[in-house]
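Visitor: Note that the protein sequences, when read in sequence, are chains A, B, C and D.
With the working numbering applied, the first sequence corresponds to residues 1 to 313, in that order.
With the working numbering applied, the second sequence corresponds to residues 1 to 506, in that order.
With the working numbering applied, the third sequence corresponds to residues 1 to 305, in that order.
With the working numbering applied, the fourth sequence corresponds to residues 1 to 339, in that order.
Wrong hints could be hidden among the right ones.
Stated by the list, open to error - If you want the footprint, here are the derived chain C segments under chain A, 3+ residues with CB under 8 Å: (1) 70-77; (2) 87-101; (3) 113-120.
Stated by the list, open to error - Listed below are the simulated DSS-like cross-link pairs for lysine-lysine, each with C-alpha atoms no more than 25 Å apart in a straight line: (4) A:232 with D:34; (5) B:180 with A:86; (6) B:260 with C:37; (7) B:269 with C:264; (8) B:263 with C:264; (9) C:132 with A:7.
By construction, these hints were calculated from the structure, which means they are not laboratory data.
Think of the CB as a built atom: it goes at the ideal place given N, C-alpha and C, for glycine as much as any other residue.
Residues per chain are reported as follows:
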Amino acid sequence: MLKYIIKRALWVIPTLLGVLIILFSLTYLMPGDPASAMLGPRATPELVAELNQRLHLDRAMPVRLGYYLLGVAKGDLGTSVWSGHKVSSLLAEALPHTALLALTSLGVAALIGILLGAFAAVRRDSPIGGGVTIASLLGVAVPDFVAALLLMLLFCVQIPILPALGAGAAGDPIDIAVHLILPATALGIGWVGYLARLTRESMLDVLDADYIRTARAFAIPRRAIAYRYALKNAVIPSITVIGLGVGKLLGGAVFVEIIFSRPGIGKLIVDAVYARDFPVVQGGILVATILFVLANLAADISYAFVDPRIQYD
Amino acid sequence: MKPDLKMGKILILMIAFLLLLSFSVSAVSKEELKIATWEDISTFDPGWLTSVERELTIMSCLFNGLVKYKEGSWDIVPDLAESWEVASDGQSVVFHLRKNVQFHKGFGEMTAEDVKFSYERIIDPAAKSPEKGTWKLLEKVEVIDKYTAKLIFKDKMANLFTSALPMNSGYIVSKKAVEKIGQEKFGKDPIGTGPYQLASWKPKTHVKLAAFDGYWGDKPKINKVTFLPIVEDSTSETALRTGEINIGRSAMINVKSFKKNSKFAVYSKPALKTYWLGMTVNKPPFDKLELRQAFRYAVNVDNIVEAAFYGTAKRANTVLPPGLPDYWSDAPVYKQDIEKAKNLMKKAGKSGGFKVNLFIPGNDAERIMAEVIKADAAKAGIDVVIEVKEIGAFNDAANKGETDAYIQFYTSTIDPYYIMQWFAGESWNPSQWRNADFTELIKKGASEIDPQKRNQIYVDAQKLTDKDCWAIWLTHGTKVWIAQNNLNIGAIYPNGRMTPWTMSFK
Amino acid sequence: MKTDTINQAEVGMSPAQLVLKRKWTDTLRVTLRAVVKVKGGLWGGIFISIMLICAIGAQWISPSDPNAQDIMHRFAGPSLDHFFGTDYLGRDIFSRIIYGCRIAVMVAFGAVTLSSIVGVFLGVVSGYNEGKKIDYFIIWLFDIVRSFPQIILALAIVAVLGPSLFNVVIALAFTAFPFYGRVARAQTLSVKEADYVKAAEAMGLKPLKIISRHITPNIMAPVIVCLGMDMATMIVWESGLSFLGLGVRPPTASWGIMLRNGYKYIQTSPWMILWPALAIALAMIAFSLFSEGLRVALDPKERER
Amino acid sequence: MSEPLLEVSNLTLDYNLGNRKMRALDRISFTLDKGQVLGVAGESGCGKSTLGLAILRLLPRVAEIRRGEVLFNGANLLKLSEEQMEQEIRGQKITMIFQVPQNALNPVFKIETQMTDILRVQDKYQNPGSRKRRKDFRQQAIERLELTGIADPQARVSNYPFEFSGGMKQRVMIGMALSSGTSLLLADEATTALDVTIEAQINRLITRLAAEYGTSILYVTHNLGVLSEMADRIMIMYAGRIFEMGETQNVFGSPRHPYSAALLESLPSRQSKGKRLLSIPGFVPPLDRLPSGCSFHPRCAFAEEMCRQKVPPLTEVADGHWSACLLDQKRGRQKWQWT
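Build out the structure end to end from the sequences listed, making use of the hints.
Guide: Take a look at the structure:
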């Protein structure tokens with residue numbers, strides 16, 4: 001098992017190196033002089049010169065790349081041009097909010113989606129089956145930021161019962177939970193339908209498998225067969241999808257955080273983009289990418305936990 | 001028991017739990033005041049502040065100056081200085097400081113040393129402070145004794161008491177603190193003498209202030225104030241409706257609906273800024289005075305202001321906002337008069353009409369104004385072509401005079417010099433208007449200390465502007481604050497700036 | 001069951017040559033008929049054709065000029081002369097939705113074609129040179145671009161290049177090409193073992209010729225299915241970027257910008273947000289149904305059933 | 001003769017696939033005594049597997065029992081409630097092993113988990129109050145594996161199914177299916193998927209354990225060779241009907257139905273060395289479009305006009321030897337010689 005994890009982990013390193021190089025080269029795409037673009041209207045000549053010096057913008061490309069990689073290795077992602085805070089501290093503050101949002105939305109959606117899918121498969125002819133197909137279509141149809149807008153319209157504007165702002169007072173779990181309801185629903189809603197349909201289809205296949213018939217032949221209770229024996233097999237396709245989905249989810253988090261003014265990596269990146277605060281943009285994307293790569297790794301590993309056959313190939 | 005029933009039960013339980021949570025939404029907890037602002041503050045260092053008006057509400061909580069505007073009006077009253085004497089030649093002022101005033105976070109008592117340090121650090125050429133211009137007439141500060149400081153000037157400084165001392169560059173910082181943590185860090189961790197001190201600052205997320213129990217003046221009634229940077233008006237409106245913020249703002253169009261709603265109280269004040277429809281005077285068509293006057297009669301200012309500000313703002317008749325001492329109260333009010341406009345055009349040989357390029361920035365107010373101007377001007381045969389430009393490009397093009405007409409706004413302070421100085425100079429004078437008498441008047445005004453003489457100088461300057469008709473004044477806009485009705489908002493300055501330390505919950 | 005008339009001459013030809021031999025219009029007709037047979041495909045097809053018609057003939061179809069402002073009647077509700085009502089500048093929302101199709105279609109087709117061309121080319125090249133250095137380099141490239149969360153990378157690229165329709169297409173294409181690349185590479189790995197490829201190699205054809213003549217046509221089926229699905233995603237991302245103010249420049253009518261304005265005036269007129277949301281949702285459903293139909297039509301296993 | 005353990009009478013069953021109605025079992029009647037092995041033979045698609053599933057009521061949704069009774073120790077299994085089937089019959093009195101051992105075990109659970117689950121369920125039904133804990137069931141499972149001849153069961157029990165070969169997996173199934181409480185084992189093509197050497201070992205294991213526990217077996221297979229060694233009595237089925245039934249040596253010795261004879265002739269054996277083996281022409285008819293009369297007549301070399309009109313009833317042509325062939329009944333014992 002360990003060999004398999006290490007193999008997967010080692011492959012991440014060259015990928016991340018490539019990610020850093022692409023992130024670094026983005027600044028070259030910037031039209032005009034990056035420093036004055038970053039400073040914008042406040043660009044007095046002295047400030048531009050000072051920034052050029054601080055970000056080594058005036059040196060040759062390989063030298064700058066070296067500085068950048070060295071900096072990232074040391075954990076120093078530079079300082080925000082706009083607020084003067086260290087990028088790493090800004091990210092450290094924003095990360096927990098995004099992680100919480102991602103985990104709750106994906107977690108709850110996966111739980112409800114998979115259970116709904118299994119439920120629809122067990123009750124094959126019930127209307128639930130049809131409902132699941134429609135839900136999955138809706139899930140695909142309504143992108144997360146449109147769902148966020150409609151949810152806000154419904155629960156904050158028309159019937160103002162849920163908060164539409166921020167992530168709640170730190171340390172007050174109820175308040176944090178209440179501030180999570182709408183954003184997590186917006187992000188997760190697409191997943192419920194999709195995972196439900198995926199689980200329902202694979203569950204229907206699994207229920208026809210021989211080992212299920214064996215279990216019935218030995219009088220294992222019907223519920224244990226469906227929700228333990230069959231579900232563990234049926235959930236395998238969902239796990240890969242969830243691993244890949246984290247990337248899409250992080251993308252969605254950007255919009256949900258903006259719409260609900262929630263602190264987080266997404267909002268940090270977009271605010272930095274508006275303020276042309278490039279070190280923060282680079283740092284934010286790097287962290288989001290690392291989150292995504294780790295999530296994929298986690299999915300691969302959990303895949304092996306669920307399906308033992310994976311460990312050995 | 002059927003397996004699927006159990007599943008159904010779990011789902012219903014989960015949904016019920018979520019709903020239960022939502023009803024326990026704690027309305028904004030009593031002792032914390034939440035205020036929505038436009039953008040986040042970029043630095044807390046009074047000497048390095050750039051966009052002034054928006055950040056003064058926060059800065060005035062953290063710092064005091066030697067003098068201040070009395071809360072709710074522009075009268076100058078003592079603050080950290082109990083009294084002062086102005087030298088007969090006006091070249092120096094001696095301030096007697098209040099005793100036993102403590103700085104935040106245990107940085108000790110405020111003394112004349114701090115006053116000297118606070119001003120000299122701004123005029124120090126090496127420090128490159130953006131406020132250098134405000135104090136260019138200050139030569140140095142002398143420490144007479146622990147509680148007495150003498151400011152010495154190169155020349156008489158007219159706006160010392162009106163827009164220097166009581167504004168951000170006049171705030172007193174703790175010398176010990178700045179020397180200990182350095183200017184850059186001080187921008188993130190300010191030490192002043194104000195009623196509140198900085199509790200935490202998360203860029204683009206919130207600024208949390210906590211009441212300073214060692215404050216020399218009367219303690220604020222609310223001990224926690226949080227400023228939330230909210231860019232979109234609609235987000236602030238929604239937060240007001242769900243009770244998440246105490247004070248916020250709304251799009252102009254929705255102000256009426258908040259006024260009607262008993263849960264809210266609406267406070268609106270004319271903003272200290274002026275919108276105008278400017279004409280470039282150094283090239284056709286507006287190099288001819290008659291055509292400028294014709295354009296003035298063609299447009300209907302009342303319509304423009306009503307459309308863009310939905311009735312929340314009044315029209316402006318001159319560059320200075322009303323309420324300022326040197327406001328030209330009997331400035332002429334030009335009503336739309338198509339006939340007069342046509343006659344003037346015939347006199348200038350353009351009876352068949354002419355084309356006008358109108359540049360505007362992308363925000364909604366200017367867009368709406370441009371549309372109304374285009375519709376009215378067409379009645380007089382003037383064909384207005386609107387071009388929307390991104391804010392940076394708009395300012396460049398307007399300042400270089402690349403357009404025939406433009407819609408621009410400048411913010412001002414209670415000191416007329418602050419806004420009128422630009423029209424005498426080269427930069428930020430979009431109409432390219434050069435008038436020697438006007439420039440002479442502005443220079444004299446800058447060093448005239450006697451208030452009556454100073455007011456007359458600025459009124460004459462406004463008359464000159466009206467005579468040359470290079471600008472059609474539109475409005476001073478309005479600053480609207482909407483507060484939950486469980487809050488008495490205390491004193492609000494004439495331009496809408498708030499004073500959190502005077503606020504309390506009912 | 002009507003069986004396809006397969007004459008003896010066509011036996012033994014590679015599927016792609018079969019396709020190329022028949023006029024491509026026949027293939028299109030056969031595929032479309034198959035797609036339409038699939039339950040969802042029909043509806044998907046209908047809505048997509050409506051979108052295409054709106055995109056091409058917007059100026060004739062839309063009742064009024066999308067940028068014509070009528071300040072006095074702004075925020076008007078749906079009425080006879082403004083089916084969907086008017087926005088904050090008094091512009092007719094119905095016409096803007098129709099013109100919005102144009103942006104959506106341009107971005108969807110533009111980004112998808114660009115990313116598939118680049119992706120398929122790289123995929124086939126790397127698949128064909130399996131195990132060589134270039135294969136590892138291309139796989140490395142795919143993995144790097146794939147490990148970025150797509151919309152976040154697109155957002156950064158547009159921010160750097162400056163928001164415009166062209167830059168949006170470039171950014172979206174850049175983030176999407178690895179998906180086509182991987183599909184193409186996987187297909188190439190299996191197709192390059194086929195006898196008609198071995199035969200071509202035996203005849204001494206240059207690798208580039210083999211790739212273009214023999215391999216690429218045979219791997220297009222799964223790629224085409226990806227195209228359908230991806231168009232829906234591209235439309236969402238364009239509107240997402242426009243929503244953030246990083247997409248198309250106003251005053252062009254794009255669904256994303258209309259969503260942004262809807263959000264800005266959510267208190268004043270809630271329905272302003274509904275129409276673009278509805279348009280995006282319908283486009284998404286249409287494309288996913290259509291590509292589902294496409295998948296079933298092009299998947300030989302499914303067709304027998 | 002002792003009172004039969006299992007008595008199936010006039011069992012008729014249809015599969016409703018969309019608009020097609022397939023008669024999978026047509027008036028099947030037979031008896032099975034305690035400790036006896038009844039072989040059920042016939043080409044694939046003749047309904048022999050459906051028989052096992054019908055007895056244990058594990059039929060798919062689309063199956064519908066039209067008529068008939070299945071008496072087990074006097075109780076009609078078709079009338080029992082689902083709870084009764086689970087609590088008393090399935091996995092306890094009647095057990096079943098299936099053809100493809102590869103996926104007979106759940107791939108994502110350890111052997112130990114699957115075995116202990118089954119043992120716990122059985123224990124719960126047999127002695128409700130028992131306080132046995134997981135450790136006891138694990139020990140019981142290891143003993144079962146030992147009985148089936150799996151080496152080092154202590155370690156192997158915590159392996160996953162994919163770590164076992166086909167034969168080993170079938171041994172696990174047999175370990176579960178055959179225990180002291182089992183009265184009837186339904187073996188559905190139990191060794192067909194295994195190679196010949198393993199097949200012999202598995203079949204010997206089944207016979208040994210069945211004898212030890214006095215379990216009767218319904219051994220379904222298309223391989224007559226296996227039945228010749230294992231089965232006491234043989235039943236030959238064709239297109240859902242019984243064509244011949246009797247003592248193994250009688251049926252092998254003197255088949256009373258042309259189809260049985262044909263099956264025997266297509267069987268490689270010492271006698272047929274050097275001769276060409278028979279392959280019966282034509283195909284097994286689809287169950288929803290059966291030929292009239294005797295459903296074998298289109299392929300039967302000896303068919304006559306009456307075979308086409310009348311459906312031959314299953315009649316006793318000798319002591320304990322039944323056959324359903326009009327010609328045989330008319331002409332008495334015949335030597336149905338195909339080649």
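Visitor: Could you run down the list of hints and mark each one as holding or not?
Guide: To see whether the hints hold, each was checked on the structure:
1. Coverage of the segment 70-77 of chain C by chain A is violated in this model, with 0 residues showing a Cβ closer than 8 Å to a Cβ of that chain against a need of three.
2. Coverage of the segment 87-101 of chain C by chain A is violated [criterion: at least 3 residues with CB-CB distance below 8 Å; count 0].
3. Given a C-beta distance limit of less than 8 Å, the hint that chain A covers the segment 113-120 of chain C is violated, as 0 residues qualify and 3 are needed.
4. For the hint pairing residue 232 of chain A with residue 34 of chain D, the CA-to-CA distance comes to about 40 Å; that exceeds 25 Å, so the pair is violated.
5. For the hint linking residue 180 of chain B to residue 86 of chain A, the alpha-carbon distance of about 20 Å falls within 25 Å, and the restraint holds.
6. Of the supplied pair hints, the one linking residue 260 of chain B and residue 37 of chain C is violated, its CA atoms being roughly 58 Å apart against a limit of 25 Å.
7. Of the supplied pair hints, the one linking residue 269 of chain B and residue 264 of chain C holds, its CA atoms being roughly 23 Å apart against a limit of 25 Å.
8. For the suggested pair residue 263 of chain B and residue 264 of chain C, the alpha carbons sit about 22 Å apart, so the restraint of at most 25 Å is met.
9. Note on residue 132 of chain C and residue 7 of chain A: the hinted pairing holds, with a Cα-Cα distance of about 21 Å set against a maximum of 25 Å.
In summary, the structure is inconsistent with hints 1, 2, 3, 4, 6 from the numbered list given earlier, while agreeing with the others.
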